[in-house]
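Asker: The primary structure of each chain is shown beneath.
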Amino acid sequence: MKHLGLILIGFVMLYPVLWMIVSSLRPDDEIFRSPGLILDSLRTENYAEGWNALTPSFGTYLLNSTILVLGCIVGNLVSCSMAAYAFARLHFSGKRWWFGIMLGTIMLPIHVIIVPQYVLFSQLGWVNTFLPLIVPKVLATDAFFVFLMVQFIRGLPRELDEAARIDGCGHPRIFLRIILPLMKPALATTTIFTFIWTWNDFFGQLIYLTDPDMYTVPVALRSFVDSTVATSWGSQFAMSVVSLVPIFLAFLVGQRYLVKGIATTGGK
Amino acid sequence: MFEGVHRRTALTVLLSLTASLLVACGSGSDAGGELTAEPVTLRFSWWGADDRHKRTQQVIEMFQKKHPNITIKGEFKEWNGYWDSLATTMAANDAPDVMQMDELYIASYAERGALLDLNEAKKHLDTANFDQKALATGAIEGKQYGVPVGLGMYSIMANTDLLAKYNVPLPDDTKWSWDDLKKVGDQVSKASGGTVWGVQSPGINDTAGLSIRARQQGKALFDQNAKVVLPPEIATQYWTYISDLAKTGVAPPPSVTIEKGSAGLNMSATATNTAAFGLWWNTQLTALTAASGAKLKLLRLPGESQGKPGAYYKPSMFWSVSSRSKHPAEAAAFVSFLANDEEAAKVLLTERGVPANLKIREAIAGQLKETDKAAKEYLDTVPVSDPPRITPKGGSTLDAILKRHTEDVLFGRATPDAAATAFIKEVQSEVDAAR
Amino acid sequence: MSALDELRQLRHGGVQVRKRDNRAAFWFLAPWFAGLLFITVGPVLASFGLGFTKYNLIQPPKFIGLANFERILSDDRLHNALRVTFTYVLVSVPLQLACALGVALLLDRGLRGLAFYRSAFYLPSLLGSSVAIAVLWTQVFGSDGLVNRVLGFFGIAGKGWISDPDTALSTLIVLNVWTFGSPMIIFLAGLRQIPAVYYEAAAIDGASRWSQFWRITLPLLSPILFFNLVLQIIHAFQSFTQAFVVSGGTGGPSDSTMFYTLYLYQQGFSRFDMGYASALAWFLLLIIAAFTAINFWAARYWVFYDD
Numbered sequence: 026m027k028h029l030g031l032i033l034i035g036f037v038m039l040y041p042v043l044w045m046i047v048s049s050l051r052p053d054d055e056i057f058r059s060p061g062l063i064l065d066s067l068r069t070e071n072y073a074e075g076w077n078a079l080t081p082s083f084g085t086y087l088l089n090s091t092i093l094v095l096g097c098i099v100g101n102l103v104s105c106s107m108a109a110y111a112f113a114r115l116h117f118s119g120k121r122w123w124f125g126i127m128l129g130t131i132m133l134p135i136h137v138i139i140v141p142q143y144v145l146f147s148q149l150g151w152v153n154t155f156l157p158l159i160v161p162k163v164l165a166t167d168a169f170f171v172f173l174m175v176q177f178i179r180g181l182p183r184e185l186d187e188a189a190r191i192d193g194c195g196h197p198r199i200f201l202r203i204i205l206p207l208m209k210p211a212l213a214t215t216t217i218f219t220f221i222w223t224w225n226d227f228f229g230q231l232i233y234l235t236d237p238d239m240y241t242v243p244v245a246l247r248s249f250v251d252s253t254v255a256t257s258w259g260s261q262f263a264m265s266v267v268s269l270v271p272i273f274l275a276f277l278v279g280q281r282y283l284v285k286g287i288a289t290t291g292g293k
Numbered sequence: 023m024f025e026g027v028h029r030r031t032a033l034t035v036l037l038s039l040t041a042s043l044l045v046a047c048g049s050g051s052d053a054g055g056e057l058t059a060e061p062v063t064l065r066f067s068w069w070g071a072d073d074r075h076k077r078t079q080q081v082i083e084m085f086q087k088k089h090p091n092i093t094i095k096g097e098f099k100e101w102n103g104y105w106d107s108l109a110t111t112m113a114a115n116d117a118p119d120v121m122q123m124d125e126l127y128i129a130s131y132a133e134r135g136a137l138l139d140l141n142e143a144k145k146h147l148d149t150a151n152f153d154q155k156a157l158a159t160g161a162i163e164g165k166q167y168g169v170p171v172g173l174g175m176y177s178i179m180a181n182t183d184l185l186a187k188y189n190v191p192l193p194d195d196t197k198w199s200w201d202d203l204k205k206v207g208d209q210v211s212k213a214s215g216g217t218v219w220g221v222q223s224p225g226i227n228d229t230a231g232l233s234i235r236a237r238q239q240g241k242a243l244f245d246q247n248a249k250v251v252l253p254p255e256i257a258t259q260y261w262t263y264i265s266d267l268a269k270t271g272v273a274p275p276p277s278v279t280i281e282k283g284s285a286g287l288n289m290s291a292t293a294t295n296t297a298a299f300g301l302w303w304n305t306q307l308t309a310l311t312a313a314s315g316a317k318l319k320l321l322r323l324p325g326e327s328q329g330k331p332g333a334y335y336k337p338s339m340f341w342s343v344s345s346r347s348k349h350p351a352e353a354a355a356f357v358s359f360l361a362n363d364e365e366a367a368k369v370l371l372t373e374r375g376v377p378a379n380l381k382i383r384e385a386i387a388g389q390l391k392e393t394d395k396a397a398k399e400y401l402d403t404v405p406v407s408d409p410p411r412i413t414p415k416g417g418s419t420l421d422a423i424l425k426r427h428t429e430d431v432l433f434g435r436a437t438p439d440a441a442a443t444a445f446i447k448e449v450q451s452e453v454d455a456a457r
Numbered sequence: 024m025s026a027l028d029e030l031r032q033l034r035h036g037g038v039q040v041r042k043r044d045n046r047a048a049f050w051f052l053a054p055w056f057a058g059l060l061f062i063t064v065g066p067v068l069a070s071f072g073l074g075f076t077k078y079n080l081i082q083p084p085k086f087i088g089l090a091n092f093e094r095i096l097s098d099d100r101l102h103n104a105l106r107v108t109f110t111y112v113l114v115s116v117p118l119q120l121a122c123a124l125g126v127a128l129l130l131d132r133g134l135r136g137l138a139f140y141r142s143a144f145y146l147p148s149l150l151g152s153s154v155a156i157a158v159l160w161t162q163v164f165g166s167d168g169l170v171n172r173v174l175g176f177f178g179i180a181g182k183g184w185i186s187d188p189d190t191a192l193s194t195l196i197v198l199n200v201w202t203f204g205s206p207m208i209i210f211l212a213g214l215r216q217i218p219a220v221y222y223e224a225a226a227i228d229g230a231s232r233w234s235q236f237w238r239i240t241l242p243l244l245s246p247i248l249f250f251n252l253v254l255q256i257i258h259a260f261q262s263f264t265q266a267f268v269v270s271g272g273t274g275g276p277s278d279s280t281m282f283y284t285l286y287l288y289q290q291g292f293s294r295f296d297m298g299y300a301s302a303l304a305w306f307l308l309l310i311i312a313a314f315t316a317i318n319f320w321a322a323r324y325w326v327f328y329d330d
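Protein chains in written order, with my numbering: chain V, 26 to 293; chain L, 23 to 457; chain D, 24 to 330.
If you are wondering where the hints come from, they were derived from the structure by calculation, not from laboratory data. Because the structure is a prediction, the values reported are computed rather than measured. It is possible that some hints are incorrect.
[Claimed, not checked] Straight line, CA to CA, 30 Å or less: simulated DSS-like cross-link-like pairs of lysine-lysine: (1) K212(L) <-> K269(L); (2) K85(D) <-> K447(L); (3) K77(D) <-> K447(L); (4) K319(L) <-> K95(L); (5) K212(L) <-> K182(D); (6) K85(D) <-> K269(L); (7) K77(D) <-> K348(L).
Turn these sequences into a full structure, and let the hints steer you where they fit.
Answerer: Here you go:
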């Protein structure tokens with residue numbers, strides 16, 4: 026019974042996605058004729074056409090996105106966990122203020138930061154590289170993940186730290202040996218989300234990557250749609266489906282770590 | 023803890039940022055100078071979809087073959103992202119050397135000093151073969167800020183298949199009025215029992231329509247001093263017409279109109295064979311024919327014979343050069359290639375509109391498809407008047423403002439009268455704010 | 024000093040501990056500080072400064088004092104945008120979190136096909152900010168879309184939900200709720216962290232499922248719930264892409280989907296008024312900061328930390 030309900034909800038939730046997948050196999054002029062899911066005519070050329078529609082071909086964009094994403098994931102995992110440990114476990118002067126500032130950095134909309142930031146990166150000569158997009162991650166500017174990890178760490182009992190302290194561990198050891206392993210769900214979450222958000226992030230990549238050879242998936246996908254001319258929707262959907270595959274796979278693989286969970290803490 | 027270091031560093035960063043914003047360096051070399059033999063890299067940006075990107079990149083390669091020392095880096099985006107990116111790069115003094123420019127924005131950039139006066143580059147960019155009326159559309163106070171790429175004209179597209187199906191005779195487009203359009207649209211709606219609408223609703227992406235209405239009665243949207251001189255009565259008339267069409271079932275109901283309006287060309291009423299008549303630019307004939315699969319005919323606008331013709335050549339887009347380009351001469355040479363070279367034209371064809379360069383227009387005539395030929399013929403034969411004043415700086419949101427008031431009228435949130443007054447007031451304040 | 028003395032000092036948070044922590048904190052926070060100084064602070068201060076100028080991105084900024092901030096008070100379209108945004112935040116965030124928590128609880132333990140369900144419920148979030156959403160949403164909520172066809176089945180006449188000013192915002196709220204995948208995953212991760220022994224012990228003691236939820240799950244999940252609440256609120260206030268894509272960048276029809284950041288974006292990039300946009304951004308920051316501060320203050324009453 027539970028399954029029936031879940032399947033029904035699942036179908037409703039997935040309907041738009043299913044429609045997009047089905048439409049990617051339809052010829053352009055049939056796509057908007059019906060919201061149904063039944064395929065009347067199969068047209069797989071959308072995929073080939075979409076792949077080759079822009080120069081360079083879509084493979085380049087997938088590659089670029091992958092490189093960017095990997096850099097961002099590593100950056101986030103390392104720097105955010107360190108910052109989170111400090112906020113969650115250490116006492117230091119002005120901690121409240123710094124925490125507030127950290128949260129504050131995510132409260133400003135990107136649209137007003139982007140222009141001064143672009144000027145800054147332009148002067149550094151970083152425009153049209155992945156640097157403006159990766160370096161901020163290496164420097165823990167993703168306060169979302171810092172905060173997430175802080176909450177996780179605070180949920181871990183302090184007795185573990187203290188036990189390690191008595192055994193003679195300093196903070197780095199405590200961080201690496203005790204806290205990090207217990208934070209696997211938070212780390213997995215960070216990885217999955219960084220992957221997905223970076224894969225889908227449009228505005229920053231639009232502004233900083235000027236050379237089409239450097240384009241990433243979201244920028245390339247938008248290039249298919251231009252309101253001033255006829256859009257090849259079939260190709261666009263086909264490539265959208267193609268770009269969904271990596272993030273979906275990333276999610277499938279990553280969620281196993283969420284499933285693994287943590288062994289019950291033995292020290293109690 | 024780090025206050026001292028923190029404050030000093032922050033101040034330095036802030037100062038240097040501000041300094042870079044304040045620097046408006048002039049261009050490196052002279053636009054009228056000789057072309058250098060040194061290796062030069064130019065950045066060239068445009069908007070469009072995949073078909074345009076492919077063609078343009080072909081043309082770039084052709085130019086690079088002719089000028090081996092000049093490398094062109096092509097950057098393309100879709101419409102919205104293009105303007106965001108252009109504005110941001112301008113702010114950082116990083117704008118592309120050659121850019122595709124639109125009539126809606128050209129004054130906003132030109133009148134703030136961002137674009138080069140192409141008259142200075144006459145040595146490398148010859149505009150003699152251009153339709154002079156068309157060329158005037160890219161000039162503000164005698165300075166040529168852009169070379170028109172293609173031209174379009176506002177027109178009515180009639181779905182002759184639908185008309186035949188419902189036995190509605192094709193109206194005589196040399197004499198008809200706006201009321202005639204309403205009448206024949208009504209015939210279609212009634213004959214089809216409501217399954218097909220007569221006229222796709224005006225008012226969305228329809229600044230040209232409003233402008234033409236005004237011009238037919240001897241008025242205009244803006245005067246030479248960028249003041250809004252549209253009489254409120256004409257605006258009221260415009261929205262009353264739109265409201266009537268919707269109320270009497272000649273045009274689709276408001277929410278359908280809005281839906282189709284924001285969905286792009288492929289989902290419009292004309293493209294889905296659900297309206298017999300629609301206001302379109304003649305150059306969209308090819309795309310609409312492909313999308314609808316029907317036979318579409320270009321008709322003159324209603325009301326043209328009652329007074330002065332309101333129709334005009336609208337430049338589809340311009341080629342402009344950045345005033346801060348370090349290589350203006352080479353940039354001008356590239357623009358000349360884009361605009362004057364026959365081989366390039368044979369690749370670009372009418373994807374950006376029917377060429378404004380008359381010589382090129384004839385050169386490619388043989389290669390055109392049926393629909394493109396029809397568009398070209400329309401351009402060659404239908405009478406026009408002088409173009410209206412370029413949309414002044416501050417008017418870049420004109421389309422959006424018009425759309426919003428149309429929505430208000432259609433959904434009954436404002437009367438045509440109120441919308442007219444509000445519209446005029448809003449546009450004027452936008453233009454004033456930009457001074 | 025002996026281990027016991029150290030422990031005593033730890034518990035009392037003496038000065039020596041603070042000093043040691045300061046140094047450790049410096050190293051742990053070093054990347055973050057660097058990021059703050061070199062990448063964040065400059066642009067943030069610049070955007071604040073720009074709020075006092077008239078800046079069209081092409082010519083240098085011109086100082087105009089408080090004019091932009093005064094304009095905030097009298098800008099009707101802005102007030103409409105505030106209304107739209109507040110409605111969106113106050114309605115969609117609770118709904119979204121409720122769905123996320125509900126489904127996370129359903130999916131937490133021992134269900135067959137768990138991985139499949141989890142992926143199915145997360146998939147919409149992957150599409151949430153793509154340009155295809157506009158088309159997809161029209162296919163569902165448009166005049167000829169799925170919802171109306173289903174309603175027609177039951178004899179109810181539908182309408183164009185997206186293109187009617189009265190209902191357009193609701194479709195965006197539904198869109199936000201539809202993409203509950205992210206908070207759901209975070210809830211799942213949080214649920215994973217609750218040791219099973221607690222539930223086993225409670226079951227042995229004869230506690231009901233509801234009691235277990237109320238007494239074990241909620242309190243132990245509260246840090247995560249708090250996190251999701253704070254961040255989804257911040258996120259909702261800054262919501263941009265969905266409104267942009269679904270309304271075609273216009274915030275229409277009739278400004279009914281004109282979110283605050285969409286309005287801000289239009290001011291900056293379409294109207295070339297980056298000065299006013301910057302002022303608007305800082306005003307939004309104040310609003311978000313206020314909400315967040317209230318959240319943090321209220322947290323002491325319902326969020327339970329084990330430290």
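Asker: Decide, hint by hint, whether the structure agrees.
Answerer: Hints and how they fare:
no., hint, verdict
1, K212(L) <-> K269(L), "holds, 14 Å"
2, K85(D) <-> K447(L), "holds, 25 Å"
3, K77(D) <-> K447(L), "holds, 22 Å"
4, K319(L) <-> K95(L), "violated, 40 Å"
5, K212(L) <-> K182(D), "holds, 22 Å"
6, K85(D) <-> K269(L), "violated, 49 Å"
7, K77(D) <-> K348(L), "holds, 28 Å"
Violated hints, listed in ascending order, are 4 and 6; each of the other numbered hints is respected by the structure.
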